[in-house]
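A.B. asks: The chain contents come next:
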Amino acid sequence: MVSPIHIITIGLGLAFALGLLQGFGKNFSGILMLLGVAAMGFISFQWLVAFFTSGSTSEIFTAGFKPPYSINLMMGKHEAVLASMVNLVGLLGGIYLWDTLKKQGFHAMLVYLVFIMGMNIMIMTRDAFNLFVFMEVVSIATAGLVILEQNNKSVQAGFKYMIATSVIAGLFLMGIIFSYYFAATLNIDGLANANLLAIKGGSLAIFLVLISIILELKPFPANGWALDVYHAATPGVSALISAASATAMYFVFYKVLGIVGDSWSQVIAAIGLLTFVGSNLLGTKQDNPNRLLGYSSIGQMGLLMAILGFRPFLGEKLEFIAFTILLTHYLAKAGLFWLAGIIKSENLKGFAALRKKPFMLFLFGTFVFALIGFPPFPSFFGKWELVMHLANGHMYGWMFAVLLGSFFEGIYLFRWLGYSIKIDHLALPDFKVDWNKIIPVGIFAIGLYVAGYFTSGFAEGGTAINFIPLFFVAFLLMIDFLPIIIKNTISIAAIAWYSFSILPPLYEHDMLRFIFAGIFLIGGGLTLIAGYAYKGKRPGFYPVALLMYVGLAQIIEAQNMLHFFFGWEIMTAGSYFLIIRGKRSMPHGLSYMLFSIGGAYALLAGFGMAHAGQASLSLDVLANVSQNVSWIFGLLAVGFLTKTASLGLHIWLPGAHGEAESDVSPMVSAILLKAGVFGLVILMIAMGHHPEAANIAYILGWLGALTALAGNLGATFQEDAKRLLAYSSIAQLGYILFALSIMTHLGWLTAFTYSINHFMYKAILFLTIGAVVLRVGTHNMYEMGGLIKRMPFAFIAVLIGIIALSGVPPLSGFAGKWLFYNAVIDKGWYFQGAIVFFSGTIAFLYLFKLIYSVFLGQLKDNHRQVKEISVWFIIPIYVLIIGIMIFSAKPQWVLQPLGEMITSWYPNGGLQWDGGLATSALGYWNGSGIMISIVIMFALLLSWLLVMSRKAQKVEQFNIVYSAERPFRPETTHVSYNIYAGYNKALGFLVTPVIAAFWDSMDNLVHSVAGFFRKIYSGNGQVYVAHVVLFVVVVYFFAIA
Amino acid sequence: MTNETNNIVEDKLELEDKFLAPENRKRQVTTPDGTIIEVDPLRDYFSDARPQIYRPNSIPVIENFLNWARAESLWVLGFGTGCGSIELPPLTTPRFDAYRFGVQMRATPRQSNVFIISGYLSVKTLKRVVRSYEQMPNPKYVIALGSCTINGGMYYDSYNTINRLDQYMPVDVYIAGCMPRPEALLAGFNKLKELIKAGKAEKANEYVENFDWYKANQKKIIKDWNMPDYNW
Amino acid sequence: MDFDLTKLLFTLLGLLIVLNWGILMSGIIRKIGARVAKRYGIPVYQGWIDLIKNYAIRSQITHGIMFYLGPVFRLSGGVGLFLFMPMIFGSEHWSNYSFQGDLILLMYFQFFGMLGMALGAGEGGHPNSAIGISRGLSQFTTIEVPMTLAVIAIAIQYHTLSIADIVAAQQGSILNWTVFTNPFATVAAMLSVLGAFGHSPFNLVKAPNEIPIGPPTEYHGTFLGVLRTNAAILHVIEAVLFMNLFFGGASNWFELFLKSFLIYFWSVFVGMVFPRFRIEQSVRWFLKIPTLLGIIAIILA
Amino acid sequence: MEQLINKLQKSFKLSDVKHQRENLTFVTVKKDSALDLVTHCRDYEGFSHFVLLSCVDWIEDGKFQLTYLLNNPSGKFDLGIRTFISRDNASMTSAHLLWRQIATYQRELKEMYGIDFPGSPRVDESFILEGWDEIPPMRREFDTKKYSEDTYFPREGRGSNDPATYMKSKLYPDDEK
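If you read the protein sequences in the order shown, they are chains C, X, Y and P.
Residues in the first sequence are numbered consecutively from 15, following this note's numbering.
Residues in the second sequence are numbered consecutively from 2, following this note's numbering.
Residues in the third sequence are numbered consecutively from -4, following this note's numbering.
Residues in the fourth sequence are numbered consecutively from 49, following this note's numbering.
Calculated directly from the structure, the hints in this document are not laboratory data.
Take these hints with a grain of salt, some might be off.
[Unchecked claim] Below, simulated DSSO-like cross-link-like pairs (lysine-lysine); rule was C-alpha separation at most 27 Å, straight line:
(1) Lys125/X with Lys224/X
(2) Lys27/X with Lys881/C
(3) Lys283/Y with Lys968/C
(4) Lys124/P with Lys111/P
(5) Lys965/C with Lys216/X
(6) Lys125/X with Lys965/C
(7) Lys965/C with Lys27/X
(8) Lys363/C with Lys446/C
(9) Lys125/X with Lys124/P
(10) Lys204/X with Lys968/C
(11) Lys198/X with Lys220/X
(12) Lys19/X with Lys198/X
(13) Lys33/Y with Lys192/X
(14) Lys965/C with Lys221/X
(15) Lys201/Y with Lys198/X
(16) Lys124/P with Lys78/P
(17) Lys999/C with Lys283/Y
(18) Lys40/C with Lys549/C
(19) Lys193/P with Lys224/X
(20) Lys358/C with Lys40/C
(21) Lys192/X with Lys201/Y
(22) Lys198/X with Lys968/C
(23) Lys55/P with Lys66/P
(24) Lys19/X with Lys194/P
(25) Lys194/P with Lys220/X
(26) Lys194/P with Lys224/X
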């Protein structure tokens, strides 16, 4: 066991040795330095291992004196972990900075070594003055590293840094002097025991110590100097500052809090959250990667500071929460800074260059998702626990601030990610990737996954999470270089295997989950079949598609809230990547992600509030909620509504679904949206019995009706076939929301019928239209036309799809309409019902436009030889058509079991079944009988007409009566563009995009606020010092008050 | 050898091309998957099937019955060619009331049986008239109204109006005069009814039988025909 | 479902009666219209002659399979409505196959023919067809609004969606008719029927002089015959639907003839007096007064 | 009107000034300055309305006479500006930029007389004579009667009468001259 004192000896000794041995060349010096850091790391690491095996603390004295007269170090569990982290990033950072350090020579290496050593001591020391000394050492070393870049900007930044830190150091020193005066000891534990607060004037001493450490953590807004440092330093150094110094300083803060006690918690939490929210808000306005990361680092430190401020509420989970978030920050931020150093772009958009190196893009995505707190990364569990505990302590305001800050962070990080994946019209600069630069990044990314896997076990309920599917996704990622046919087969096989293992037991026990699992999994398998139609490798598709299905499956499997939320976020991540794969999807991917994050945070808040005061994390506790019912129900509903794209939250959907790839649109439309429905169902089952919930459901009913109207009107005026279907999805989800909100037996039967139907016909329509788009190369309906001649199978599919969608008997859509009427009249929601009916008739407008503009009318020149849609699309489409036909011919096969299931929640008001004849309180309906009657009648009439006009001459498309003229061109003869001009004149005002304008203005508001406050960072050192001083004064007065 | 034939074909095309409308020329089009195909509008967009002869029902009783129905239900195409078209609207007014004879106006040739050529026909109009006539379903009847359709009338020496309608399409009933009054038109309708009931109004088949002769006459003056021979 | 030959035969007979009554009814209406204009007018039997003439057209053309299916859809829509409509109150034979579905089925089955017709006309490739259909659908969406409100109102009133039960509830006295018990719903529905029958002022769909007869512009011969057959059936059935819902149904064929004639005549009567609306005007119009009346009907119910 | 003509006389070489009516005057100018005069009249003399552009075939002189008839709405009088162009390779500067509708007149003149107006929109498209490949029919060397007899199957036995004498002989057969 090597004593930790040797960290100092190695550090100082090597520093001298470097000077002596510089004759051996820079490579030698460099290797020596790295060995030194490695040795320090080894020391800390062996202690870490020791603590995990035996678990003792150790105190080390030096120079033969007892504290406070000598360096007083402690190596405990915390110290070992943090020192290991610092040394690891030091070692990897050293490797990363190899070229820079070598160029600058041994001075730089010396400074580097001292920098790392200093941080080790900061972590280990228990002596306040010692702490001061080594903080100064680290400050000076940092400044030295900052000016490594040796340009005007970095020298200025280093200078500002020195000024600011010396002001802070002065405050700190005064605080220590006062403390020593009052407590007569410099040992931190001694100071803590001295109970300084009780002493008159002691609180000032504590204030000075505390505020200076807080200032070192760069609180908003007194942090301009730090931003300049992040901005100006070479990214390798910024990585160290962000990962290592912040870690060390955070631990110092933790130690100092031992002296301060809990009385300052509110202030600390306030400063921390202000920093978190403010810094992330300003981050939205940044476009320089380094500065952006600087804002993000400061924000994260703010969150961490706040967590310590929440200490009284977090109890034993404090360390878990703080550590997971710190660890994620440490790994991700270092990785991002390092990546920024590799790309060397002054602009966020420059990261588009990453697209050339998919592996690095993957790393980048990993870091971004980890920072935001997506599963399976540690911060996900940390944030979850944080919110749960905050809610448990009824700290709703704080909780809101945490989520708001996270949301702002999401805005810029996902915009950045979106740029790198998808932005167009850019000359992608070349960049060089050295092994010494990429290896550290890779190690840290892997570290995130490993850490995430291991942290899950520590979170309450985390053990339930099934990681095997995620390993499968990772496996797909690894075999991404294989051709489509293999990956597709493996994926389908996996989904099929999973379905076989999960569906039969669900059918026995849990009909509700069986239905949704069926939609998710069978739908998933079917839509994947269409993937065979693609050629090449389709890089990156299968991991993300399966990621989404994994998320959906986890939602189904979830029994507790953490697991549910875990699945929800996994699904969101997968679907985000699926959506952003589309050609022009960048802005839509971003808006999807932002609404999803917002929704997810609403869910998180809702779950947290529901969990408050309850013993269990199980989803069942929702049913026992007795306080804040409206809030919980409302928040959870809003969370789920973002996924169902209800009016107001729908603006992400048309673009996201419209621009997605041909086989992705059905996945995200027919399947993904049902996740929101599933959530709503779960929510209403659990909480529907509360009167408050019923009130909200009434609002949701109106919302659903208006969504249906707006969605259908929106679809009517579309020219883009896929957007039309996307708007139609909005409307259909509006129907479902409406029917669910009715909360009666018939209402829910309607909702489930609609869900199943919508899954089938929307999958058919999106698959078919997507396949047609693949063939004809355009989304614009007016550029198609007459394709029935070339694609009869596609036409039949769309025909069946639109008949089913419009609810015309005898196809299954009518089942939904009939139930709907009965439910509405039964419930008494006549006006909402009338609006929904009205929107149902509007559906005819766009359905006709869809089938007419694409398949009927005039065939265009360039489509004269276009082929039938790919057989790989036809297979799933016709399987679904068979499904619709079975449902239509024998509705009782589906509706009867559904009814029995719903009876367990709403025992009264169901249907009576007599064979195919269903009878409700109001009316009756015989699906099978109608089907038979209509089919026979239709066949008879058709054969009669065929006999009567058997000799008809087949003619071509221009053989039409054209006022005695002949048509000029197919383009001028095909009436399709703005076909509902009259309707637009009458009702077009209803589709003015007020909601999009509202969100746009919100977006502008955030940006302009950020832009306004950004001006406080003038770049002037004096101003920054003034900020620091002013900050101290303001905090002082607030704290005293 | 092949080259020569190609050249000949191209030369021939050059000659024909003189009056071929630009939108009817062959054109190269890039399909969505990038291959280039040729579109020949006249072949691809129009049916070039020749007209057929539709024989009357072989059972006289049925045919007589159907002829009676056809005679009592005369649907007139609303296409006024010359100044005589001003005589058509009064037919529907209370004063003349052609409805009582089963005469009704239709807006599309597809649903019409009777074509009233109301007065002089310029070459430009004749082209449209022929198109509309060919688009009417069999059986169809033509009433030629006014002297201009018979012998050119006052436009007998014009460079731009035809003299004799029967050179271009078969005519069932002539109504002479310049202009004939609506009463004369009603008389014409009654005459047409008689012909139909007697089974003598099979001029549509006559047109098909002498199709080449009619077509040659039409094409002699309509030089930019720009369509396949028969308009379905 | 047991096969019942008698039932089938009665249904076919009923269909024949309805078809002929439809043709006769439109003949009478046209005769009346002519007399109003001081004309002698067509013979009342002109409808049959036209129908025979159309079926006797010898040459036909077709634009494709959907061109065939369009009229078949349309006629199936008409015949289907007949199948699911109880014609004569209290008669087992004349209630057809209405035991298979209620009022909602009828309301949605109207779309069957419309949709098919729209597709068939679309296959014709004629721009006027598409224009006509787009107008028709636009207008139709709002026609249905007051109609729906009225239907909901009477469903609340009688607490059933079964047409037979609604008719049964109106028996006994003329004052039991919905027109007296629920006048607002009746008026709303009777205003929407104006659009459903497509006479002036709501006949922009066909607009003969502007977009030559709109959707069926390419249809001729047998196809047109099928469409006109359907029109004859449909006019009667629509009128019968309104008769059943608002005017006490019919207990014998004569009563049915009389009532359906009057209901149909109502739309023609209005059409004789008013000029044509543009499409946006009619869309707005239906969303104003008729919708308001429908809302009042529901509030009162 | 006189004043105007005098005024114009100063800048343009007008010849053959003819006061047809109190409010209608014709002037003749050289081909080169014709459009200058038209433009001038439009921009400075208030002739904002273009009435017509017509042509007369003076086959004997080997010339076409073009007449631009302009109207001054505020003064309520018309001015006809005549110019002569050669019949061989007849061509005139296009005036469609002054009034858009002149293009239609020019298209008609191109078809009927074969006068070219380079640059005029759609001037080469057929106007009413679709597929005409004879000499332009309004040129006086074109024999329309002969063309009609050759082309349009004249009906045998067709006779013509002078309406006045014919009606007289019909109505008053005894009233011999």
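A.B. asks: Let me make sure I understand: some of the numbered hints might not hold for this structure. Which ones are they, in numerical order?
C.D. replies: Going through the list in order, the structure violates hints 3, 4, 6, 7, 9, 11, 12, 14, 15, 18, 21 and 22 and respects the others.
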